[in-house]
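Turn these sequences into a full structure, and let the hints steer you where they fit.
Protein chains: 2
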Amino acid sequence: MARGRAGGREWSCTPHDVTAQTPPRRREPLGTEKVKQPPAHVEPVSTMLLLLRRAVAPGLRQACRLKSTPARLCIRACCTNDPFRPQRSSFAFSGGGSSTRGWKVMGTLLGLGAALACHDQQCRASQEPPRRYTREEVKAHSSPETGVWVTLGCEVFDITEFVDIHPGGASKLMLAAGGPLEPFWALYAVHNQPHVREMLAEYKIGELSPDDKAPSILKTSDPYADDPTRHSALKVNTQRPFNAEPPPELLTESYITPNPIFFTRNHLPVPNVDPDTYRLNVAGPPGGQALCLSLDDLYQFPRHEVTVTLQCAGNRRSEMSQFKEVRGLEWSLGAISTARWAGARLCDVLAQAGHQLCETEAHVCFEGLDSDPTGTPYGASIPLARAMDPEAEVLLAYEMNGQPLPRDHGFPVRVVVPGVVGARHVKWLGKVSVEPEESFSHWQRRDYKGFCPSVDWDTVDFDSAPSIQELPVQSAITQPKEGETIEAGEVTVRGYAWSGGGRAVVRVDVSLDGGLTWQVAELEGEEQRARKAWAWRLWHLQAPLPAGKKELNIVCKAVDDSYNVQPDTVAPIWNLRGVLNNAWHRVHVHVTP
Amino acid sequence: MARGRAGGREWSCTPHDVTAQTPPRRREPLGTEKVKQPPAHVEPVSTMLLLLRRAVAPGLRQACRLKSTPARLCIRACCTNDPFRPQRSSFAFSGGGSSTRGWKVMGTLLGLGAALACHDQQCRASQEPPRRYTREEVKAHSSPETGVWVTLGCEVFDITEFVDIHPGGASKLMLAAGGPLEPFWALYAVHNQPHVREMLAEYKIGELSPDDKAPSILKTSDPYADDPTRHSALKVNTQRPFNAEPPPELLTESYITPNPIFFTRNHLPVPNVDPDTYRLNVAGPPGGQALCLSLDDLYQFPRHEVTVTLQCAGNRRSEMSQFKEVRGLEWSLGAISTARWAGARLCDVLAQAGHQLCETEAHVCFEGLDSDPTGTPYGASIPLARAMDPEAEVLLAYEMNGQPLPRDHGFPVRVVVPGVVGARHVKWLGKVSVEPEESFSHWQRRDYKGFCPSVDWDTVDFDSAPSIQELPVQSAITQPKEGETIEAGEVTVRGYAWSGGGRAVVRVDVSLDGGLTWQVAELEGEEQRARKAWAWRLWHLQAPLPAGKKELNIVCKAVDDSYNVQPDTVAPIWNLRGVLNNAWHRVHVHVTP
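Heads up: the protein sequence lines correspond to chains L and G, in order. Quick note on the working numbering: the first sequence kicks off at 1 and runs consecutively. Quick note on the working numbering: the second sequence kicks off at 594 and runs consecutively.
Since the hints were derived computationally from the structure, they do not count as laboratory data. Yeah, the Cβ is synthetic: ideal placement off N, Cα and C, and Gly gets one too. Worth double-checking, as some hints may not be accurate.
Claimed, not checked - Covered, in the sense of this in silico footprint (three residues per stretch, anywhere, with C-beta under 8 Å from a C-beta of chain L), are these stretches of chain G:
hint, segment
1, 739-750
2, 1099-1106
To be verified - Chain G residues, not near chain L, derived (Cβ > 12 Å throughout):
hint, residue
3, 759
4, 791
5, 831
6, 982
7, 1125
So this is what it looks like as structure tokens:
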């Protein structure tokens, strides 16, 4: 039994864990049946890896890259899939089909072992006094051309030759290139095992200079100086306010997005809220009494949990701005993430304050504790009808994936409005009130609205368009990446699909020829709940490539249960703010001969 | 004050009616203010028409066709807009702008008068003994080439030269070409006025032969022999079962579709139900009691009224089959209509029978009294959650536009499921039950589902797709028509837009250049209710044409309040049954130099 620590929490791995802790929504390997490893088969795996690494000749190294062996070593970090279980790592193997499964797993192991073995003779640096490097020097080694260096603790490793044989894929390992491994190992705890550390030790080239300090923190005069530290995998759009998204390689790695790489959309500096003195003000109805709720008060309401995908209205804006300039953050396809949220239902809190559904249209207005230099807080609203509907499951959430909300995601309390654009999920919630009109906030009335492509900044009338609430059907490809070169034979396409308003994704079509012909992708995970499909579906398609094909124009489009579809192209839905891009997602890749 | 009968109901027209009976949702003339005619101005109009007709020289005839006078004589038949008021006709005039309004109205009247006057010398047939014609002979005169004849009672008229100057438009008059005027006059009661009959008398060429019988009815051995008589304006797709749609010219003529031209989608012969012996069977929950409701019983439930647009899943199928063959009726764009329905709410009836919402998914199954030769009735189902939600307003309807349901539309009781595909609005309702599964009806499980374009009849798996319930956002152009030649200067584009699930239409974009540039159309009528936008929006765009333009590719696309949009093209949403075509609607027209 292995023991260790990951992300500050203890983990353990026993053979029994492998089958016992499979989370219900975990993604299955491509087009394969799950290989149920009996406990007795598991323990030998890490031993086998080590033995193989030493036994197999370096010449076999390329074996693990052969595309003709479709089996893949599937290492799962369960803690990232289901945060409500203790963090543990597990191993499971999957083959391309049950009949040849055993051989394929063996083939993969042989290849991997061979690859690791080939480095035995090169890496002898650990025998000599350590050479010293600065963090700057490490950072300068972040590509195949410069060499790929990483750090773990104070140790520096040159993993250039390991990148291509990283079992999780080269692109995922490259996310750490030039920097520390810790943030990634914290997410994917499978790395915290003796044989992985032993493998890594082979690549050690020295240590960080003791004089080299960690990067200096921001000046205190900066209103953003108190912002939290972020995960280095995030692709940062702006630092102040902080806006960042996970890279495609990690986005659909698990159904639940780990908190540290959940996309972050801040409009203002992150407030630092003391949970002991925190109070949520809920205005009462006319003549009624206001509520002033501490965190403990909020915990007294029935706890409700729901898995919800949040998407920024600007997700995929970068594709829109390629067509014509827009104003907004250049989000790629990662301004979307999924978490398991827990909190009090808004309808319960509103009812406690004496609010009821009324015949006339009304709105629940939210104010955040984040504010601009004039003291104006972030604000937004949703219709009262949605807020009061228990089936809509609107939460005042205090937990995200089993943890207190991270500061970037609204600690201690945020609104979660399933099926609705991210902008209404107000973070650091300070005030709730019921009003006859929508929030007068800039972000409700002068932003987050859609317009005709012909509307420009001279002609725009923000009052003419409704504020975005439910979002349209959406999907995107996370694998392969734009411009990537893939090997001939077969391609695996992966991605996500989601629709607003609780509408379930019923189908994802994938084209390899730019939209001329289509194949149906396999939807992963369980069927979604009718009318409450608040979270995305991950999907994949494994398809043979026509011989001689030199490039592919891969396209995806999703259909929801109202049979709404995505539009073919970006231009006709272009709008000056670059929101609501749900055109077919297109990825152009090269194929090796 | 004029009096007469239209459609079996008495109507009357007094000057006071013109302003008093304006229905709330009536369509306004293009880009103009409504001209509020004081009562005293109205009575002289018909007199003026007659005087003008006699006074103005024949050479002025072309004046009323001049496009440079954009004013139009707007004759409204209020009874078709608001069926809950007594049927009356009214006159109102609108000009292109308030400043020049008076002159434009006068210009139109002069032109019309001139046009009518020019026939005085030609039409003297009424002075001689009547010539006799058969119905076949009349029918043979239905185009400008053969001459355009119509009948009224036993009289025959050659209106060839009047067609182009018909105030309601040539295309609408041509719908009656070769047949009787009565069905159209019954819809548009403004025709039932002395001066109109006087005008028509000028064109009389003879009478129907007394020996000529009305068209023989179907043989009694035919299961469809007892089907009702239909309106001649309907474009028939199949006679047995009867499937027909209103022509585009009439479809958006009024917000409420008159009952006789409401699109009809029958799957089987129309049952002839005796309202006195009619019973609706509502199965009770396990251990509960079934209800057996007479019509009078149903009337005892609270009466609920709601305006709902029904759309067949196959609407616009003909465009899909142009791309690639499909199996299904060749609907044009008229398999959609709007009515004001009244009845008992399904939730009230189900509650009376002892049904409640349950945690597990359940379905309300409906059976019609129409059945095939094996006795299998038409059937369909909707989720119990929708049926039990008072806000979803699902009706057991017994009234359509203030009348008992017409036989073609389910007399005496049909289901109306706002926001949901027409196929679930079961007509001639015989039985309601709550089941753990969807209806096992062919039409629920083996039809009315969407598939990927790659799925054909060899590979289709009907169980793999959800039954269509809510429909996606839709819009179409009803004016101008495909292939039409329009005059240079300015174009008026009209159409409808609708979305399923109560989602409101928030914008319609129109392009005159095939989708390169877009203009925002004007939505007519009132704002829709949030979450309950069950009925369509009519819209129009009046736009100048670039000089020298010889043809236009007009396109429309709508956006709903979830910001779902229509896809650009048909091919990627093509499916073997040809359902769910909501691609941009495109109309190609020629422009006169």
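Comparing the hints with the structure gives:
Only when three residues or more bring their CB closer than 8 Å to a CB of chain L does the claim for the segment 739-750 of chain G stand; here the count is 0, and the claim is violated. Only residues whose C-beta sits within less than 8 Å of a C-beta in chain L count toward coverage, and the segment 1099-1106 of chain G has 3 of them, enough to reach three; the restraint holds. The Cβ of residue 759 of chain G lies farther than 12 Å from every Cβ of chain L, with a closest approach of about 35 Å, so its non-interface assignment holds. For residue 791 of chain G, the requirement that its beta carbon stay farther than 12 Å from each beta carbon of chain L is met, with the minimum near 48 Å.
Look at residue 831 of chain G: its CB is around 25 Å from the nearest CB on chain L, clear of 12 Å, so calling it non-interface holds up. Against chain L, the non-interface label of residue 982 of chain G is violated: not every CB pair exceeds 12 Å, the least being about 9 Å. Against the 12 Å criterion, residue 1125 of chain G falls within the reach of chain L, whose nearest CB is about 10 Å from its own CB.
The structure fails hints 1, 6, 7 (numbered hints given earlier, in ascending order).
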